[in-house]
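> As given, the protein sequences belong to chains A and B, one line each in that order.
Per our numbering, the first sequence starts with residue 176, numbered consecutively.
Per our numbering, the second sequence starts with residue 176, numbered consecutively.
Each hint should be verified, as a subset may be incorrect.
Identical copies look the same in the list; a pair holds intra-copy or inter-copy alike.
In silico DMTMM-like pairs for lysine to aspartate or glutamate, Cα to Cα no more than 20 Å straight-line [said to hold, decoys possible]:
1) K277 with D237
2) K418 with E208
3) K277 with D231
Everything labelled a hint here was simulated from the structure, so no lab data went into it.
These figures come from a predicted structure and were not determined experimentally.
There are 2 protein chains.
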Amino acid sequence: MSQQIIFTNQVEHALAMAVAEGKPNRVFVLTDENTQRLVLPQLNIDATPITIAAGDSHKGLDSLQQVWQALQQGGATRQSVLINLGGGVVTDLGGFAAATFKRGIRFVNVPTTLLCAVDAAVGGKTGINYGGLKNEIGAFAEASHVIISTRFLDTLPPEEFKSGFAEMVKHALLSDEREFNSLLEIDFKNLDLEALLSRLQASVTVKQRIVNEDPHEHGLRRALNLGHTVGHAFESHAMAHGKTIAHGFAVAWGLVAEGVLSHMLLKWDSTALQRLARFVRDNYGAYHITCDDYDMLLNFMHHDKKSRQGEIDCTLLSQAGQPRVGMTIDDSDMKTALDIYRDLMGI
Amino acid sequence: MSQQIIFTNQVEHALAMAVAEGKPNRVFVLTDENTQRLVLPQLNIDATPITIAAGDSHKGLDSLQQVWQALQQGGATRQSVLINLGGGVVTDLGGFAAATFKRGIRFVNVPTTLLCAVDAAVGGKTGINYGGLKNEIGAFAEASHVIISTRFLDTLPPEEFKSGFAEMVKHALLSDEREFNSLLEIDFKNLDLEALLSRLQASVTVKQRIVNEDPHEHGLRRALNLGHTVGHAFESHAMAHGKTIAHGFAVAWGLVAEGVLSHMLLKWDSTALQRLARFVRDNYGAYHITCDDYDMLLNFMHHDKKSRQGEIDCTLLSQAGQPRVGMTIDDSDMKTALDIYRDLMGI
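Excised from the complex, chain A in its bound form:
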């Protein structure tokens, strides 16, 4: 892996260096309507702009074709470069467009949301939604450079920020107890964006280490699914009831439920679990379920794309920094864990 991840709030300078490195003949910058309005004017970029509609519902073939056509009409060649300036939709879709245009042109990611910085922009997963399924079509392709800053985070609503922060909590749990404890001291009402940059660096480094060891998700990379088996089930459950919940919120609640399983099956420390649950309850509220919802939730888990042979598959922890991937969970254990999740969340 030769991807360079640069942590800096001097974004223009880092971006100019990253773009120049490949001596491109043409430079393109992809934004969505939000980052075009709020972020692009903050940066002095000499590039042909391409703008797609904002939101996950536009992360599909229509927007992909829009990018391909703009590259084609703009005369892009294999010596050109695409800058993806935005959140996860922009970096996932723009990365896939670049990876497939003339069998691959170089791209640089500049994430503008916390969730994207900590998750989507790094690690080489690109793609689009297709046929009603998320990320159904895509490729493993890495940005040549990812420029991570906290400069644009104040353009985001607070909920978006918290959503990204849940992935940082997950990374801290995959790292060590100390990182976990200090991360939970954050005060969402008084953010210090400069200090956050070094926390973000620690967090992304955890992910990068895991991805480098297993780029194509054959083993260890599945550690990054911590919180996601239950989290995805909550998202699907909400969708089935006509509601949408932010991905990071679902992950936060999923971390609690899978933390319970980690305690039950691998004796993860109950003090840490209590601390996690309190932090999530105080800052994210709870996803409200009753035991009447269990059958639907388990059904989603059995059909999760991580599942093999239809079993429920989780990553659990024996302690912070000690993940166990590919744990098969019995229905009865999962139901017990959901009971305890409800207790911990006070619902």
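Take the given structure of chain A and dock chain B to it, following the hints.
Below, chain B alone, put in the same frame as chain A:
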């Protein structure tokens, strides 16, 4: 590179082994309308069939979506495998569909045309035509196995066979004098398909050696463009006049013109050049041009996708097996070469 290339006329057995290797949960087989009718019934394959319309004009997004949807509806997962049974359209498009479905499922190529066996099926270039340009969208992705046989070649019209043979001549020129000389002894009217299999193995091995040294076409792989700068210009010239010429025929004529340049600029042996020209003239006829066509032809060469900074770029030979990539050709040298091409071809 871990791609396995298997040369055999025991296709069922090799295919069954190749498919079983990944312990797939589901197996799909992609054909076009021709190979569905002429080849699929010859093989005993237990797989869900997917059939696309035949011909390069159907190597586009519509057919690609048809394959994606068939995989999705057939319940394909990352543990599934796609067999591409056909010519270059099927292996290019099927390879790209597989490379991008859920960020990549395994695929096995079973080329049924000589051109595909010797060229498209091996080497990891996949893709579709887009926006009027050939292979504009695609990826580098290798089949896990390529099963090369001569068993299906008698389902082809003789012109198709000759078209593929021109790429074998190119590979022989990139290999050595002996291979080149013995290849030209072929009698197209009395083909020995068993003997051809070992010639084919020698030919594919030349390509594979070059691709392994330079999978993403940064340098040496451009040796495989021998004959293609002029060949592509002939194809585009024909298209501009409402005619289509078979790719391999264009390559054969291009090899002669670039052979002339090789003699002019790198002192390639004139006896070998004469032998090549005679073989091509006797078996492929000639592409008829006059000096009034030169400006259009040179214009196509200046805009070829191999061109950098708009210069004419060719791979030339100092002798068989000694290619020089990235040679920049003056307009006046190219015009002289086209004059001599016309002399050699008797037009």
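> Is it within, between, both or neither when you check K277 against D237 at 20 Å Cα-Cα?
both (18 Å within a copy, 18 Å between copies)
> From the Cα coordinates, with 20 Å as the cut-off, is the pair K418 and E208 best called within, between, both, or neither?
neither (24 Å within a copy, 45 Å between copies)
> Is it within, between, both or neither when you check K277 against D231 at 20 Å Cα-Cα?
The answer is between: 17 Å across copies meets 20 Å, while 26 Å in one copy does not.
Of the numbered hints given earlier, the model fails hint 2 alone.
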